[in-house]
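Q: Sequence:
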Amino acid sequence: VGKQHFTSLYSPAREKAFTKRNITAAWAACGLFPFNPDRVLRLTPKPPAQSTIPRADKIRVGSCYQDEAPQTPVTPVSVEGLTSLHSLIKQDAHTLDGTSIPRLERHVQKLVDAAQISFAERALHNQNQMLTGMNNEAKVRRSTKALKLGEAKVMSFEDIEAARAARAVKDAIQIKGKGKRGRKRKMARAVKEAVKGRRKRGRKRKSAAQEADEPEPEVARLVYTPVPWRAPIARMI
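1 is the number of the first residue of the sequence shown in full-length UniProt numbering; add one for each residue after it.
Check before you lean on any hint, since a few could be wrong.
Quick list of in silico lysine to aspartate or glutamate cross-link-like pairs, DMTMM-like style, CA-CA up to 20 Å [as the list claims (entries may be wrong)]:
no., residue 1, residue 2
1, Lys3, Glu15
2, Lys170, Asp159
3, Lys3, Glu193
4, Lys110, Glu151
5, Lys145, Asp171
6, Lys178, Glu161
7, Lys170, Glu193
8, Lys3, Glu151
9, Lys90, Glu80
10, Lys3, Glu121
11, Lys176, Asp159
12, Lys145, Glu161
13, Lys16, Glu158
14, Lys170, Glu158
15, Lys90, Asp113
16, Lys3, Asp113
17, Lys3, Glu105
18, Lys110, Asp92
19, Lys16, Glu151
20, Lys153, Asp38
What follows is a list of derived Cβ distance ranges for each label pair [to be verified]:
no., residue 1, residue 2, range
21, Arg106, Leu43, 58 to 68 Å
22, Lys139, Thr95, 56 to 66 Å
23, Thr95, Ala13, 30 to 40 Å
Calculated directly from the structure, the hints in this document are not laboratory data.
Glycine is no exception: its CB is placed at the ideal position from the N, C-alpha and C atoms.
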């Protein structure tokens with residue numbers, strides 16, 4: 001029986017059993033409240049005045065087993081019962097013919113061995129099934145997440161269902177809140193990346209403007225001044 005089934009069965013049973021009338025009747029039956037020892041002693045059996053152990057000279061000896069009528073044995077349902085039946089068969093086999101007794105004993109022994117093996121296998125099979133069921137239940141219990149539904153108190157099955165529903169609503173709200181937080185974080189990251197990109201672009205533009213504003217270095221220019229033309233003059237030697 002699982003915890004849920006136990007709770008569903010225990011709660012109505014507790015309400016029916018633990019009533020004021022039943023509790024008062026139990027205390028009164030024990031003679032505690034109101035205090036009345038005679039009520040308990042009145043129902044207690046009194047010890048015998050004389051010893052009931054028979055004396056040896058007064059024991060009557062009954063008839064022997066051989067004089068009694070044979071009774072039909074009960075079909076055994078366990079190894080002990082089958083062993084007892086085997087002992088009875090062996091006792092009865094002594095009254096048969098000498099040539100058939102060994103054969104009868106061998107056949108009966110084969111039957112007993114087969115029955116013992118069958119009962120042993122059946123017991124092992126039932127034990128394995130029980131252990132398998134316990135193992136499966138333990139696996140499910142370990143894999144299930146423990147839920148704290150409230151403080152320690154006596155809860156009915158309806159209280160557990162209501163607490164479980166409230167916990168499910170609370171978990172759903174938390175999951176939605178986590179999703180919104182994730183969206184906010186993604187938006188914040190996107191905004192930060194956009195701001196960083198704008199800053200980098202601004203820096204590049206500033207550097208380009210500075211390069212454009214800087215004056216170009218002066219280059220020395222060669223100026224050719226024209227010389228006036230003169231006619232050639234012959235020298236006299």
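Q: Does each hint fit the structure? Answer for all of them.
A: Results of checking the hints against the structure:
1. Lys3 x Glu15: 18 Å, holds
2. Lys170 x Asp159: Cα-Cα ~17 Å, so holds.
3. Lys3 x Glu193: 54 Å, violated
4. Lys110 x Glu151: The hint is violated at about 64 Å.
5. Lys145 x Asp171: Since the Cα atoms of Lys145 and Asp171 sit roughly 13 Å apart, the hinted pair holds (cutoff 20 Å).
6. Lys178 x Glu161: Roughly 26 Å separates the two Cα atoms, so the pair is violated.
7. Lys170 x Glu193: 35 Å, violated
8. Lys3 x Glu151: Between Lys3 and Glu151 the Cα gap is close to 17 Å, so the pair holds against 20 Å.
9. Lys90 x Glu80: 15 Å, holds
10. Lys3 x Glu121: Violated, at roughly 32 Å.
11. Lys176 x Asp159: 26 Å, violated
12. Lys145 x Glu161: Holds. Lys145 to Glu161 sits at ~16 Å (cutoff 20 Å).
13. Lys16 x Glu158: 16 Å, holds
14. Lys170 x Glu158: With a Cα-Cα distance of about 19 Å, the restraint between Lys170 and Glu158 holds, given a limit of 20 Å.
15. Lys90 x Asp113: 14 Å, holds
16. Lys3 x Asp113: 43 Å, violated
17. Lys3 x Glu105: 54 Å, violated
18. Lys110 x Asp92: 17 Å, holds
19. Lys16 x Glu151: 25 Å, violated
20. Lys153 x Asp38: 39 Å, violated
21. Arg106 x Leu43: 58 to 68 Å: 59 Å, holds
22. Lys139 x Thr95: 56 to 66 Å: Once the Cβ atoms are compared, 59 Å apart, the range 56 to 66 Å for Thr95 and Lys139 holds.
23. Thr95 x Ala13: 30 to 40 Å: 59 Å, violated
Comparing the model with each numbered hint stated earlier shows that hints 3, 4, 6, 7, 10, 11, 16, 17, 19, 20, 23 do not hold.
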